[in-house]
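Visitor: Each chain, letter by letter, is given below.
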Amino acid sequence: MSKNIKFVQGNEACAEAALYAGLDFYAGYPITPSSEITETLAYRLPQIGGKFIQMEDEIASLCAIIGASLTGRKVMTATSGPGFSLMQEALGYAIMAEIPCVIVDVQRGGPSTGLPTHGSQGDVCQARWGTHGDHAVIALTASNHQDIFSITVEAFNLAEIFRTPVILLFDEVTAHMRERLVIPQPGEIPLVERLKTSVREGVDYHPYLPREDGRLPMSDFGGVHRYNVTGLFHDMWGFPSSEPGVVHGLLHHLVDKIENRADQLAHYREYYTEDAEQLLVSYGSAARSARHVVEDRRLHGERLGLLELQTLWPFPNGIVREKCAHVKSVVVVEQNMGQVMQAVKLAVENPDKVFLANRIDGVFITPSDIINILRLIQGKGV
Amino acid sequence: MAIKDYLRERFFPHIWCPGCGHGMVLNGLLRAIEKLGLSKNEIVMVSGIGCSSRITGYVDFHTLHTIHGRALAFATGVKIARPELNLIVPMGDGDALAIGGNHFIHAARRNIDITAIVMNNRIYGMTGGQFSPLSGENISATTAPFLTIDPSFDVVELAKAAGATFVARTTTYHIQQMTDIIRQAILHKGFSVVEVLSQCPTYFGRKNKIGEAADMVAYFKKTTTPMGSKAKQENPYLLERGIFVQEEKPEYCSLYEKVVQKAMKGQ
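Going line by line, the protein sequences match chains Y and D.
Per this note's numbering, residue 1 is the first one in the first sequence, and the count goes up by one each step.
Per this note's numbering, residue 1 is the first one in the second sequence, and the count goes up by one each step.
Calculated from the structure, these hints are not laboratory results.
Even for Gly, the Cβ is constructed at its ideal location relative to N, Cα and C.
Mixed in with the good hints, there may be bad ones.
[Said to hold, decoys possible] Pairs of lysine-lysine, BS3-like flavour, derived with a Cα cap of 30 Å:
(1) D:K209 x D:K232
(2) D:K4 x D:K189
(3) D:K35 x D:K4
(4) D:K160 x D:K258
(5) D:K189 x D:K207
(6) D:K232 x D:K222
(7) Y:K328 x Y:K353
(8) D:K189 x D:K258
(9) D:K249 x D:K35
(10) Y:K6 x D:K222
(11) D:K262 x Y:K3
(12) D:K262 x Y:K6
(13) D:K40 x Y:K196
(14) Y:K353 x Y:K380
(15) Y:K3 x D:K265
[As the list claims (entries may be wrong)] Far from chain D, some chain Y residues (derived; all Cβ distances over 12 Å):
(16) F25
(17) A27
(18) K51
(19) V192
(20) N317
(21) K380
[Claimed, not checked] Which residues of chain D face chain Y? A partial, calculated answer using Cβ under 10 Å:
(22) R10
(23) F11
(24) N41
(25) H62
(26) G69
(27) L72
(28) F74
(29) H103
(30) T143
Isolated chain Y, as found in the complex (with noise of 0.2 Å):
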């Protein structure tokens, strides 16, 4: 069979990986730099048979996508930090009310307006607590069009998985940039479908009552269960309760599904990290400056690694803090001010050994940028 090979832009890849993971519904509101995935869908999803909307701001996109959720499609939608931020408040009804979708983040350097059309990746802790209250959040980045595809549909996967809202954390350079992209064969890469209820009409239906495995299987709005779905805290027919037995265990429920599973959430890439000395941690476009100076240093002998992280929320302590260990410094590669680095420090054991070589003026980090931190931090001076 020939290889359906394209020569895209990230945003496309995205777009393609989406509709590959069964996208059916997207609502979205123009924003630099992530409306060519909303022009993308505007253009594909009526060819299948998909509904598109475009809303009259990002909220409303939110909005709608967790409201077409609930009748079985498979939803997403995309913006930038601008609009992300107005997503917070649908962002934490999605996590309370358990509402499968995902929300794309192509960074562009902030705070507010900032830099529509210039790459960052500020946005990370935002994605973490940009939602008031406790709560857990999966958030997902890649540094290549292959893996933005792979990611991409791994986000819908574990929407369905844990009932949550996932974010997939991209960033200008890669949405903009063109390269490779090989569109796998349907059934190359796995499906997670929703999963629904067994209960039979007419049987009292639990909407909020976890199986063993912790997984709530679901019901279609419209279907034959009628159940009420809130943000507030709720009993397993999820009408408003604040019971304090209620309140309790159904936010340990909503942490607990996410952060107990760090480890199995943990996607990540590494290069020569087996024998490295110093390691680069990185992610996003920032990785793809980071491989390259390992490539580099290591045809001058030098005993460097880099790990990618692809998952960035549940922070993955465990792969972190295991591939750090025998390391003699951490040097976190990233396009803000030290968002990722700050979680690397709480995750090793000696966080005085963990750098940041960062830029933050809207321009790509270099490979060449990174070795003159790596030097000033060697002590060698640029």
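Chain D: place on chain Y using the hints.
Guide: Structure of chain D alone, referenced to chain Y:
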């Protein structure tokens, strides 16, 4: 089906204060649904936040109690995903037209087949009696200790201007009319808006010395009149009740179906 078959009695007692008008709206709404003979599985009720929004918990439909002001955005998603379902969105005045004003005008502009019921008691009840964009001027509220200076929206005029194809107003006093209007609103294919003047004796009535619940309901009788009545000509301060707009225009989901057909043909 009896009215009580539409209720989730398991979740009673409700949270509304004695004398609150929202229970009367629930009554009118369920009688309308009963008259239409709709199956409970065909109805999705979506609400936002506020006293009025708690209505979704008490009815035995597919119910979605969401976040403040955004009910119409959630409902839009449900409707486009499953156009065959009947979407009913009860909202308070603040929920619909302050925080939710943008979604309100855009749902109207699209003429998407959703029935929006604005339960207008001119006050934020759940948060303790602050004024809303429908309070109007010279109203006492906890955030207007020196009386309001904010003019109010006219829900009917706003909905008309935004493109709603069914626009009506009634009150909790006129329960028969309310039932009939809501019935027609649900039947209407397109975005329908029903403003129901409802009483909040706890905050609006007490702070503005209008009296108790019964006095407030009687006030609706005294201060409103059927659309185009002689009374209105004689006293322009009376507020008109009735169906102001009822017109056929292409509905959003039907139009999107045509987009799908066009896109599929082009392949």
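Visitor: Which of the numbered hints above does this structure break?
Guide: Going through the list in order, the structure violates hints 5, 10, 16, 17, 18 and 30 and respects the others.
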